[in-house]
Amino acid sequence: TAAAPRPWRLFGAMCLLRLPRITQPLEKEEEEMAALMGQIELERSHYSDHEMRKLEEEEQLRRRKESTYDDDEAPGKTVIMAQDLEDKWEQKLLQFKAAPRITDADKNNNRTSLDRRLDSNLMLLVKQKIGNQELWLLPQAEWQPGETLRSTAERAMATFFGDHIQAKILGNAPYGIYKYKFPRAIRTENNVGAKIFFFKAFLQSGDLSQAELKEDYLWVAKDELGDYLKLEYLKKVNRFLLD
Amino acid sequence: SSWLPQTVPFRGSHWQTSLLVFRASLPMRAQPKKKKKVDVKREQAQKDRMKKKIKKLEKAAPEMVPIEDFATPLKYSDSNRVRSLPPLSFEETERRVLLMKKWCLFKQKQDKAEKKAIQTLVEAQQEALKELRLESEELYQAAIRRDEGLLPFERDGPNYTPPLPGYDPPEGKCVDITKVYTQ
Numbered sequence: 001t002a003a004a005p006r007p008w009r010l011f012g013a014m015c016l017l018r019l020p021r022i023t024q025p026l027e028k029e030e031e032e033m034a035a036l037m038g039q040i041e042l043e044r045s046h047y048s049d050h051e052m053r054k055l056e057e058e059e060q061l062r063r064r065k066e067s068t069y070d071d072d073e074a075p076g077k078t079v080i081m082a083q084d085l086e087d088k089w090e091q092k093l094l095q096f097k098a099a100p101r102i103t104d105a106d107k108n109n110n111r112t113s114l115d116r117r118l119d120s121n122l123m124l125l126v127k128q129k130i131g132n133q134e135l136w137l138l139p140q141a142e143w144q145p146g147e148t149l150r151s152t153a154e155r156a157m158a159t160f161f162g163d164h165i166q167a168k169i170l171g172n173a174p175y176g177i178y179k180y181k182f183p184r185a186i187r188t189e190n191n192v193g194a195k196i197f198f199f200k201a202f203l204q205s206g207d208l209s210q211a212e213l214k215e216d217y218l219w220v221a222k223d224e225l226g227d228y229l230k231l232e233y234l235k236k237v238n239r240f241l242l243d
Numbered sequence: 001s002s003w004l005p006q007t008v009p010f011r012g013s014h015w016q017t018s019l020l021v022f023r024a025s026l027p028m029r030a031q032p033k034k035k036k037k038v039d040v041k042r043e044q045a046q047k048d049r050m051k052k053k054i055k056k057l058e059k060a061a062p063e064m065v066p067i068e069d070f071a072t073p074l075k076y077s078d079s080n081r082v083r084s085l086p087p088l089s090f091e092e093t094e095r096r097v098l099l100m101k102k103w104c105l106f107k108q109k110q111d112k113a114e115k116k117a118i119q120t121l122v123e124a125q126q127e128a129l130k131e132l133r134l135e136s137e138e139l140y141q142a143a144i145r146r147d148e149g150l151l152p153f154e155r156d157g158p159n160y161t162p163p164l165p166g167y168d169p170p171e172g173k174c175v176d177i178t179k180v181y182t183q
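Heads up: the protein sequence lines correspond to chains A and B, in order.
Numbers 1 to 243, taken from my numbering, label the letters of the first sequence in order.
Numbers 1 to 183, taken from my numbering, label the letters of the second sequence in order.
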């Protein structure tokens, strides 16, 4: 039996998100509050063993300086003071150099790299040909009868990435929809327009050196989407993107 | 005559019939029977009492396991451990109160924004599902189906700095000293 002709063509698009790797910087109020909480904690606390030891040793030193020749301990015995320990730990901390939060990709504004803007979500945009225009879109593929929309979106991802991509798709249901009617020139009774269903996925693997992206691609954050997407499309996409 | 001097081992008593048999002190068979019964009874009574005690112990409710985090060790309640700091000035208390109020407002706004974002998310999904239903019922049913592979979802949270490539953390041994209580 022939399937009923659909007036709307269906597409499945995949919004692939690279989750943030570092924490976002604190707001001003958050920093002030953190400082206040630290202060209150200090005021309400008692001395710890290390601090008691430090106080006692300071007492001892003071007494030794005041009295001329106080020989409490046997000479020749080297005692490690708590202050020395603290200095040693401080030195060790200064020797350690952590990786920088602002990477080279940030400085060069290399939008194709995944190392940019480690504190926000990055999503994949691909340049696709729709009709006779080349547009920046989330990777999409046309639905074929016999598959679910989720598998359409997976296929769309596979066509752009090959099989070496590891992504966790969040559920079977679409997150958003963008529908548009074709321009009057190509619109017919049975071909009114297209409905694009968006699915969300989290990128699991860290490196994509294995994957070969065929078309032009970009990894952009939510606030940079406006530079690339059309207005109506952007409005629909922004609805299901949390900051 | 065939009478030869034989050395017959002398029998100690007329109760002992043969030398090779176990030589029990006589007269064994004549022990009074009362003692045995009383003994047996006493032992039985003791066993019953023990069993009753065991049952009582088992019936009693299990002891509560003490939570060690809630019990402050005594060495920390010493008075010389109290920190000595100058008292807070009036300006400082004022500053703190104002900061708490600002924080309250900040968190309220943040919470409202989060809830609004989640609301738009849910609305967008409902709209998409509605449109899908208009299109085709079977695709809709496939979309509503529960995704078994999604949960449990695991993710390593964001750190303060990105991982350093080629970093070799120092070796160390962790000794677990938690106390385990058995019921």
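Calculated directly from the structure, the hints in this document are not laboratory data.
Treat the hints with care, as some may be off.
Said to hold, decoys possible - Restricting the straight-line Cα-Cα distance to at most 20 Å, the calculated cross-link-like pairs of lysine to aspartate or glutamate (EDC-like) are: (1) A:Lys235 with B:Glu123; (2) A:Lys168 with B:Glu148; (3) B:Lys109 with A:Glu224; (4) B:Lys112 with A:Glu224; (5) A:Lys92 with B:Asp168; (6) B:Lys179 with B:Glu63; (7) A:Lys236 with A:Glu224; (8) A:Lys179 with B:Glu135; (9) A:Lys222 with B:Glu114; (10) A:Lys168 with B:Asp156; (11) B:Lys102 with A:Asp223; (12) A:Lys28 with B:Asp176; (13) A:Lys127 with A:Glu29; (14) B:Lys101 with A:Glu29; (15) A:Lys97 with B:Glu171; (16) B:Lys179 with A:Glu29; (17) B:Lys116 with A:Glu43.
Hints and how they fare:
1. For the hint linking A:Lys235 to B:Glu123, the alpha-carbon distance of about 14 Å falls within 20 Å, and the restraint holds.
2. Among the hinted pairs, A:Lys168 with B:Glu148 is consistent with the structure: their alpha-carbon atoms are about 12 Å apart, no more than 20 Å.
3. With a C-alpha separation of about 24 Å, the suggested pair B:Lys109 and A:Glu224 falls outside the 20 Å cut-off, and the hint is violated.
4. Restraint check for B:Lys112 and A:Glu224: the C-alpha separation of about 24 Å exceeds 20 Å, so the hint is violated.
5. With a C-alpha separation of about 15 Å, the suggested pairing of A:Lys92 with B:Asp168 holds against the 20 Å cut-off.
6. Under the criterion of a C-alpha separation no larger than 20 Å, the hint pairing B:Lys179 with B:Glu63 is consistent with the structure, at around 15 Å.
7. Note on A:Lys236 and A:Glu224: the hinted pairing holds, with a Cα-Cα distance of about 15 Å set against a maximum of 20 Å.
8. Straight-line distance between C-alpha atoms of A:Lys179 and B:Glu135 comes to about 12 Å, which keeps the hinted pair within the 20 Å bound.
9. A hinted pair counts as satisfied when its Cα atoms are at most 20 Å apart, and A:Lys222 with B:Glu114 qualifies at roughly 16 Å.
10. With a C-alpha separation of about 14 Å, the suggested pairing of A:Lys168 with B:Asp156 holds against the 20 Å cut-off.
11. With a CA separation close to 27 Å, the supplied pair B:Lys102 and A:Asp223 exceeds the 20 Å bound.
12. Simply put, A:Lys28 and B:Asp176 have alpha-carbon atoms about 40 Å apart, too far for the 20 Å limit, and the pair is violated.
13. Distance restraint check for A:Lys127 and A:Glu29: the Cα-Cα separation of roughly 41 Å exceeds the 20 Å cut-off, and the hinted pair is therefore not satisfied.
14. For a cut-off of 20 Å, the pair hint linking B:Lys101 to A:Glu29 stands: about 11 Å separates their Cα positions.
15. Distance hint between A:Lys97 and B:Glu171 is fulfilled; the C-alpha atoms sit about 18 Å from each other, no more than 20 Å.
16. Between B:Lys179 and A:Glu29 the alpha-carbon distance is near 42 Å, which puts this suggested pair outside the 20 Å criterion.
17. For the suggested pair B:Lys116 and A:Glu43, the alpha carbons sit about 38 Å apart, so the restraint of at most 20 Å is broken.
Violation of the numbered hints given earlier is confined to hints 3, 4, 11, 12, 13, 16 and 17; the remaining hints are satisfied by the structure.
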